[in-house]
Amino acid sequence: MRDAQNHYREGPEPLIVNLAMRGDRDAFTELVRRKAGWLRGLLRRLSGDETLADDLAQRVFLKMWRRIRSLKKANRFGGWLKRIAINEWIDHQRKRAGTWDEPFDEALQPDIAETPGVGMDLDSALEELPDAVRVCVVLAYHEQMTHPEIVTATGLPIGTVKSHIRRGSARLRARLIDYGEAQ
Amino acid sequence: MSELHDRELQAFFDATPELHDDAAFVSETMARTDKRRFRLLGARVSVLAVIIALEILLESPIQQSMGALGALLTQPVITIDGEWAGFLLEPINSVAGLLGVILLSLHWIMRKVVR
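Chains W and D, in that order, are what the protein sequence lines are.
Going by the working numbering, the first residue of the first sequence is number 511, and it counts up by one from there.
Going by the working numbering, the first residue of the second sequence is number 97, and it counts up by one from there.
Okay, chain D solo, but in the shape it has when bound:
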């Protein structure tokens, strides 16, 4: 309540009869909610079924691709004869290392250019 509150006007709002017979409204609302609930459940089951089907169908190709990608990224770029030299340069002497060096260089060049 504040100084803006008009008591006579409040009486009009207070005189409003309350709604009592809500039984039909409640059952209609619950029917609508249940319908939505079953629709949502159906959608979730469908999505799950699609994911499982894709998993079964693509399991082999995905595993093969990941294996090939892993082998490619760890492939040495140059052959180093020395045991210690090969061990020390191993982190950058691979396709993954080369890609990392290229990306870091690009990042460094971009920073220089932007400045």
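Chain W on its own, in the form it takes in the complex:
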């Protein structure tokens, strides 16, 4: 039993994905083990809520289990899982608020000068961003995705993605870097 577990732990990802696609439960468990940290981290960045992020991550793994047979190539597993995760978060936001890609309105953003005092951490600063802006910024910085990749993952137009990243970065910079330097 222990040997079998070690075998899975040492196996290359495409092999494990192929086994999971054939219904191998141990291979599926291994994929969950390998991807859990990354997925929970991404969803925590997106949601700003640990409990919600873990619940969403479990839902993503359930979808992965249901759909893994439809995956065409095992080496595309990472991108495929990432798209499921992003869609899961977007669907959650849509159900909660009715929308997720509302336009970025500077006037609605909290004024930095109104909240002086303790320096802000990254998660709190991200939480202040509108959903669509946050997702673009997180995918660009946390996931190191290119603009075309973000367009594919979110369905937003390229101009909107660039604008969201520029404005979101400026907002985060003001919160995290400029404010800290001003202290």
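Rather than coming from a laboratory, the hints here were simulated on the basis of the structure.
We treat Cβ as the ideally placed atom computed from N, Cα and C, and that holds for glycine.
Just so you know, nobody snuck in bad clues.
Okay, the calculated bits of chain D under chain W, using three or more residues with CB under 8 Å as the criterion:
1) 101-108
2) 119-127
The list that follows gives simulated cross-link-like pairs (lysine-lysine, BS3-like), each with its CA atoms no further than 27 Å apart:
3) D/Lys-131 with W/Lys-592
4) W/Lys-605 with W/Lys-592
5) D/Lys-131 with W/Lys-573
6) W/Lys-583 with W/Lys-573
7) W/Lys-592 with W/Lys-672
8) W/Lys-605 with D/Lys-131
9) W/Lys-605 with W/Lys-672
10) W/Lys-582 with W/Lys-592
Guided by the hints, dock chain D onto chain W, whose structure is given.
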């Protein structure tokens, strides 16, 4: 990476500690997946049982209905005495043929009306 990428901001993202202790999360996820798997299996078995039961209960009535429908559709509309005439008109001299002619006529009339 693009010209929009802020390196100082990237440092904040890179400094985030990774989550390591995933054991509890993994076992919880697998328990949830197994629960869903058994529920799905139960639902499939139930549906299969219902289909088999319906098949057993309705086998005779369905076969009878299909037989009666087949007999009705092949019933000649008019009796033709001539052997050759009967053979040539056989495709349209039936309830099914009559229904086909009626549907084609309706289709033709509709096309004319719409034009």
